[in-house]
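K.L.:
Use these hints to put chain U onto chain V, whose structure you have.
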Amino acid sequence: MTQILQLDGLSKAFGAVTVADSLSYALNEGEALGVLGPNGAGKTSMFNLITGTLQPNSGRITFAGEDITSHSAARRSRSGIARSFQVPQPFTHMTVFENAMVAATQSAGLRRHEAERLCIDVLEQTELLDKANDRAGGLTLLNRKRLELTRALCAKPRLLLLDEIAGGLTEAECTSLIATIKSIHASGVSIIWIEHVVHALMAVVERLIVIDFGKKIAEGAPKSIMESPEVQEIYLGIEADA
Amino acid sequence: MTNHIRISRTSSAAKLAAVLAALIVVILIAAPYWAGRADMRLMGEIFLYLALASLWNLLAGYAGLVSVGQQAYVGFGGYMLFALTIFAGLPPVVAIALAGVLGALISIPVAALIFRLRGAYFAIGTWVMAEVFRLSFAQVSALGGGSGTSLPTDIVRSMADGRSEREALAYWLALGAALVVVTAVYLLLRSRKGLALTAIRDNELASASLGIDIWRTKFFVYVVTSGLTAVIGALIFLQKLRISPDAAFSVNDWTAFVIFIVVIGGIGTIEGPIIGTLIFFLLRETLADLGTIYLMVLGLVAIVVMLKAPQGVWGFISQRFNLQLFPLGYRVERPKDS
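Line by line, the protein sequences give chains V and U.
Under UniProt numbering, the first sequence has 30 at position 30, and the numbering climbs by one with no breaks.
Under UniProt numbering, the second sequence has 256 at position 256, and the numbering climbs by one with no breaks.
This is chain V alone, in the form it adopts within the complex (with noise of 0.2 Å):
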């Protein structure tokens, strides 16, 4: 199997705050993997070091086999990484629609009928079509997490970055949400998702990793992970249902 991601050694540090400690995992072609770890344990600055927004102080990334270390941000989106925010980010003067055309023009490079083809079947694809003329800076928290997955959908991705997009939501929700990222999962999108919401995830990757102090700690199948001592050590009180 070919790996579409590769962080070897990847260290960050603000001051005496670590945010990875000589990271290093890959992730291969089509493959789902999640990722755990407590509050504040370096989950989404390792998502900010994947798709650029951060520089890391020493290691390397490797993306569909090239080196991406100093690759800028708005490159890496070019060349096929998308993520969604964890705090929403929205264009919040700008519509639903709009918010979505941003990347499939930028990101995916699409001409402008094929961008609203695109945008369009997305925004089916994550009922959002409704609100498509909408201002996006008035919209409610689920909708907001709703336009995070549009954009890094329209942005036609090879590897898919999703930071807690089921935290908060209904079980409703949730299960129409997990509906959702199985059918991406299941076109070839590979996926790195950090979740808190256990059983989501169970129901979708294939491996968990660990993550604590910017160290990963452990890293395996998603049953013998929530089983391990460690794991059951920091999430006191979380059980895995799956």
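It cannot be assumed that every hint is accurate.
What the hints assert, rightly or not - A short list of chain V residues far from chain U (calculated; beta carbon distances all over 10 Å):
| no. | residue |
| --- | --- |
| 1 | G138 |
| 2 | H196 |
| 3 | E219 |
As the list claims (entries may be wrong) - Stretch-level coverage of chain V by chain U, calculated; a stretch enters the list once three of its residues show a Cβ under 8 Å from a Cβ in chain U:
| no. | stretch |
| --- | --- |
| 4 | 60-74 |
| 5 | 90-97 |
Bear in mind the hints are in silico, worked out from the structure with no lab data behind them.
Here the structure is a predicted model, which is why all the values come from computation and not from measurement.
Yeah, the Cβ is synthetic: ideal placement off N, Cα and C, and Gly gets one too.
P.N.:
The following block gives chain U in isolation, referenced to the frame of chain V:
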């Protein structure tokens, strides 16, 4: 179901506005045949301010580059007109176009320098650069040094035969410049680059993560704006026929009034600078005789608008009536039954 969806980029209000605008433009083109000499001078000045305001609005309202030093390019363009016609013997119209090219070129090293600065520091940096320009041109004794120079009469005469023909030409050039600038800004903002620019205005973090090269986009806008500002500068001093460093690089005339126009009219909209220019000249023409009181009234108007309608007059109208005369966005239209 998705097959029935249409994407519209216009509205009936915008179509009506376009027809009206075309009508007004035709009337304005014919002005030399119906307007007096003083009115034409005033209208020419209005067009040039409209162009300056539209350019500053693109720079500050969309690219987030709050420059208080665009007088650098107004003055540079003016001086290039004088230098190219006097020393190189170029016809004024050619010199005006070349002034734009040179303005864009000189803005490249300036951008490389001041783009290292952020926010308020950027603003101060642009002002400092404008002062550098002013002091540099004051050193050129061939252009009159600190006291300036006039455009030689044979160059002025070479433009057109009689005085009224000359004034008509200057008027048409000003009108053309304003039309070109407003149209260019509109088309740029409707393009994919415009979509990127609007995205940057709203959220830089998300823009970078969606493939937009922020530095390059802002740099492009800065260079284009500076080049066009130099063209307008050349036209301004073609009307005045006399140039001096203090007049050419005046922060009051070419930046403070322009910021007033854009903020009053509505920053970050194409309509804003148009409305702002009309308000500014309305105030100036009715109050200019009052001297300092006129400037106090301007300040008062600015304060009231910023408190009561921070989005400017057009921002207020457009929100109230959901109106856009220059539609930039996309509307998703679906049949009612879906």
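K.L.:
Which hint numbers does the structure go against, in order from smallest to largest?
P.N.:
none
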